[in-house]
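Using the sequences and the hints given, assemble the complete structure.
Residues per chain, in single letters:
2 protein chains.
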Amino acid sequence: MARMKPHTLSGFMELLPEEQKKMQRLMNTIEESYALYGYTPLDTPVLESSEVLLAKAGGETEKQIYRFSKGDTDLAMRFDLTVPLAKYVAMHYGELTFPFRRYQIGKVYRGERAQRGRFREFYQADIDMIGDGKLDIMNEAEIPAVIYRTFSTLGLKNFRIRVNNRKVLNGFFALLGLTERSTDVMRTIDKLDKIGAEKVGAALQEECGVEADKAEEILRFITCPGSSKDKLAFLRGYQGRDEVFDAGLDELATVVNYVASFGVPEENFEVDLTIARGLDYYTGTVYETVLTDHPEVGSVCSGGRYDNLAEYYTDKQLPGVGISIGVTRLFYVLQEQAMLSEELLTAPAEAVIIPMGDVRAFAVEAATVLRAAGIKTQVYFEEKKFKQKIGYADKSGVPFAVIVGEDECAKGVLGVKDMQSGEQRELTPSEAAAYINSQLAARRNCTVIRG
Amino acid sequence: MARMKPHTLSGFMELLPEEQKKMQRLMNTIEESYALYGYTPLDTPVLESSEVLLAKAGGETEKQIYRFSKGDTDLAMRFDLTVPLAKYVAMHYGELTFPFRRYQIGKVYRGERAQRGRFREFYQADIDMIGDGKLDIMNEAEIPAVIYRTFSTLGLKNFRIRVNNRKVLNGFFALLGLTERSTDVMRTIDKLDKIGAEKVGAALQEECGVEADKAEEILRFITCPGSSKDKLAFLRGYQGRDEVFDAGLDELATVVNYVASFGVPEENFEVDLTIARGLDYYTGTVYETVLTDHPEVGSVCSGGRYDNLAEYYTDKQLPGVGISIGVTRLFYVLQEQAMLSEELLTAPAEAVIIPMGDVRAFAVEAATVLRAAGIKTQVYFEEKKFKQKIGYADKSGVPFAVIVGEDECAKGVLGVKDMQSGEQRELTPSEAAAYINSQLAARRNCTVIRG
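Residue numbers (the working numbering), protein chains in the order written: chain A, 1 to 451; chain B, 1 to 451.
None of these hints come from the bench; they were simulated from the model. This structure is a prediction, so every number in the text was calculated from the model and none was measured. Among the hints, a few may not be true.
Identical chains share a label here; the pair holds if one copy fits it or two copies do between them.
Said to hold, decoys possible - Below, in silico cross-link-like pairs of lysine-lysine (DSBU-like), each with a Cα-Cα straight-line distance of 30 Å or less:
| id | residue 1 | residue 2 |
| --- | --- | --- |
| 1 | Lys395 | Lys134 |
| 2 | Lys70 | Lys5 |
| 3 | Lys157 | Lys22 |
| 4 | Lys316 | Lys22 |
| 5 | Lys56 | Lys70 |
| 6 | Lys70 | Lys157 |
| 7 | Lys134 | Lys389 |
| 8 | Lys384 | Lys316 |
| 9 | Lys385 | Lys5 |
| 10 | Lys70 | Lys214 |
| 11 | Lys231 | Lys214 |
| 12 | Lys387 | Lys411 |
| 13 | Lys214 | Lys389 |
| 14 | Lys316 | Lys389 |
| 15 | Lys70 | Lys395 |
| 16 | Lys387 | Lys157 |
| 17 | Lys389 | Lys22 |
| 18 | Lys387 | Lys316 |
| 19 | Lys316 | Lys5 |
| 20 | Lys214 | Lys134 |
| 21 | Lys5 | Lys395 |
| 22 | Lys387 | Lys214 |
| 23 | Lys395 | Lys157 |
| 24 | Lys134 | Lys229 |
In structure tokens, the structure reads:
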């Protein structure tokens, strides 16, 4: 038969079993964190009608989209989870309870140029909270807690949640008479980390046409030193001169003031006046999350407050706040930086039962006992020599091999071998279940990111 | 602004939050069951190169497929999880440990004619175990245990796993000299449940051209009464006359003999000699699972043994055995038949904290305590009257409202209200956490299908 060489498309992540188990754990942990804050799971189709999905899109997004026809239907694969959410909320407005809090973890598709670390199919893990007409600022204050809980439960220690407020920036630019140039100015400011203050100052003047004294004031503003509270104090110096600025400052102060009550340690949080987030629709608090040991990675969890989720579908005013983790990219980065735990259980099973001789019924009953105790158990049924059977257990990385020979069967016991230490114990099936469970407790709870 | 009327494509399931939570629970339970048997999670792309995905397909499948071009790449959306598995195993043969046991739960796409209860995007939940050259019959014997565990953990009681063996059927047809007509004969036999023995007998003669005495023997064979062991005894009457038949009988006997060791109760299992499964590639044990109270639904979990998973991609002989649950259709059926539990917790949160007055910091700290104890907690931050706030809790279906007024705040306590009974208790945050957890234990463990 003529054979087709099997391959996977470039830009599509497909993992080997051990890595897949880590990825699964990463996603499960994110999901549990999101759920703990009272967000409900949502699932929407990967395929939508193009007119629905592209009601708002344009430019880069439209070029990258996977779009095609089947019969006389013009279809598109979703490129984010926000547009499907907007569609969902607009469609089901009358059936939902507001504020509507949902999380969604799903694959999205962007036909970007293939590049190392760039994916065309990737998981996003989003939360959004949507208000009906209004949404209290306290909801924005809660978001850093969700981010903190998520990343610390993953095992990450050195990360920082950076927040800013678009009203503060917009108000500040208005004070300087730079409202019309604010997009350019924000884009330039955003380069502070990369090119440094001096070059940002020069670019503000040369590229954005900002006068020298104003450029200097912008630099002073965005490089304001100190803690989050120090920055608030600095910002209060501008108070009373612009309504938008004052409103933004109040909001930012609320977010800062409640951070401790929400259980976020000071070292994982900071006000960063340089953050604007590219997207036009953010209107209040904006968030970024950086790995402090790997700033080159950029933000691994971003989002913000917006005023109008679904304006392309409904005349209802639906303000919201949301964040997104690019899970596939995060996993790729953690792998690249060797930050994934080696302690995590990645074998398909936690115990492999190895029957030797005519002991199959007893081996199967033992497996049934272990499984009833919650232990992931495989019976190795192939007809092989003992050496090959134990070699299978070894190669599969299983923590416990359970050897059942005719002697053991006659005595009603199992030979439970710890594959790491090599130590072997003779235990009844229920003793074996208790022993294996106690030995595995720590490894089952180990975090996906190295401690 | 001109607005687009939001809609979801026909044949694409999109659920409201309560139903989505049930669907999520259904999928999680299936996943946990599969994992307990030592299957490893696998995830493959939704999009594949058409030449890879369609290496084997043809006929109906090819017509239904979502296929399109982007740039100069011919792409297709996966229509099952078996072809991607074949590709994966062929590609990664050298890196996998055999027998390779994987589960995969993912969406697949078939552009079928839209019809009630038929979906174009639907979840499949598959397990497969792939051997390298050989695969012991005991692996086939284990499959009913996985099916039993999965459905009984879902809460289903009245279901039956039906098994047969293709070698038994093929050998029996060979004995009757009907090998060449076996496909037609099997298709006719398959209608026994629907049209009854008499009409099957007539169809065998008229449509399949089977002589009267052979038609009668076929009827006797497939309607053989009694328990699984009785049927094995009946089959032994044919032993010694055809090698394929004898091999099949041995296999079937092995599956039957170990069913009890694997913990499958007799009432949930039976040998059914009418089962053939349409797919050509099944070569040994075949499985179907029926809801005994709803036989009209057909099989909700089917599969079987095949000899060559990946022949289109590799010259390695890769026999396997697998089953598949059509999760989206199963969920649809359970919904239609009102079989989904009403007891399941379907609110986004388990506790909603309602702050009244200037008590936000205390309310937030209380939420942090509840979350640390694993309770899904939301704080209702909107500025509303008490009646509206408690109305939100009521409407969202949350089991506990936690009321925090200025008096409670001063005393450091919470008003924990059981929304079902209306009973309210004054408790410290940590007492509240313990109380809520104890009250919810039963509902958290309640099954997705009504008991």
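A quick look at each hint next to the structure:
Proximity of Lys395 and Lys134 under a CA criterion of 30 Å is satisfied inter-copy only: 18 Å between copies versus 57 Å inside one chain copy. Taking the shortest alpha-carbon separations for Lys70 and Lys5, both the intra-copy value of 28 Å and the inter-copy value of 21 Å come in at or below 30 Å. Taking CA atoms no more than 30 Å apart as the test, Lys157 paired with Lys22 passes inside one copy only; the shortest distance there is 18 Å, against 35 Å between copies. Taking the closest pair of Cα atoms, Lys316 and Lys22 come within 30 Å of each other only across two copies (29 Å); inside a single copy the shortest separation is 42 Å, beyond that limit.
In this assembly of identical chains, Lys56 and Lys70 lie within 30 Å of each other by CA distance both inside one copy and across copies; the values are 22 Å within and 22 Å between. In the homo-oligomer, the alpha carbons of Lys70 and Lys157 never lie at most 30 Å apart, since the shortest distance is 48 Å inside one protomer and 42 Å across protomers. For a Cα distance limit of 30 Å, the shortest separation of Lys134 from Lys389 across copies, 14 Å, qualifies, whereas the shortest one inside one copy, 64 Å, does not. Proximity of Lys384 to Lys316 under the C-alpha cut-off of 30 Å is restricted to the inter-copy arrangement: shortest distance 19 Å between copies versus 68 Å within a copy.
With identical chains, the CA atoms of Lys385 and Lys5 are never at most 30 Å apart, being 34 Å at best within one copy and 66 Å at best between copies. Taking the shortest Cα distances, Lys70 and Lys214 never come within 30 Å of each other, neither inside one copy (56 Å) nor across copies (48 Å). Within a single copy, Lys231 and Lys214 get their C-alpha atoms as close as 19 Å, which meets the 30 Å cut-off; across copies the closest is 92 Å, which misses it. In the homo-oligomer, the alpha carbons of Lys387 and Lys411 lie at most 30 Å apart inside one protomer (23 Å), although the nearest pairing across protomers, at 68 Å, exceeds that limit.
For the identical chains of this complex, Lys214 and Lys389 are neighbours neither inside a copy (75 Å) nor across copies (47 Å), given an alpha-carbon limit of 30 Å. In the homo-oligomer, the alpha carbons of Lys316 and Lys389 lie at most 30 Å apart only across protomers (21 Å), although the nearest pairing inside one protomer, at 64 Å, exceeds that limit. Proximity of Lys70 to Lys395 under the C-alpha cut-off of 30 Å is found in neither arrangement, the shortest distances being 46 Å within a copy and 41 Å between copies. In the homo-oligomer, the alpha carbons of Lys387 and Lys157 never lie at most 30 Å apart, since the shortest distance is 43 Å inside one protomer and 42 Å across protomers.
Proximity of Lys389 to Lys22 under the C-alpha cut-off of 30 Å is restricted to the intra-copy arrangement: shortest distance 26 Å within a copy versus 41 Å between copies. Taking CA atoms no more than 30 Å apart as the test, Lys387 paired with Lys316 passes between copies only; the shortest distance there is 24 Å, against 69 Å inside one copy. Within a single copy, Lys316 and Lys5 get their C-alpha atoms only as close as 53 Å, which misses the 30 Å cut-off; across copies the closest is 13 Å, which meets it. In this homomeric assembly, Lys214 and Lys134 never come within 30 Å of each other (Cα to Cα): the closest approach is 35 Å inside a single copy and 77 Å across copies.
In the homo-oligomer, the alpha carbons of Lys5 and Lys395 lie at most 30 Å apart inside one protomer (27 Å), although the nearest pairing across protomers, at 56 Å, exceeds that limit. Taking identical chains as interchangeable, the C-alpha atoms of Lys387 and Lys214 are never at most 30 Å apart, the minima being 77 Å within one chain and 51 Å between chains. Taking the shortest Cα distances, Lys395 and Lys157 never come within 30 Å of each other, neither inside one copy (32 Å) nor across copies (39 Å). In this assembly of identical chains, the alpha carbons of Lys134 and Lys229 lie at most 30 Å apart only when taken from the same copy (27 Å versus 68 Å across copies).
Checked against the numbered hints given earlier, this structure breaks hints 6, 9, 10, 13, 15, 16, 20, 22 and 23; the rest are met.
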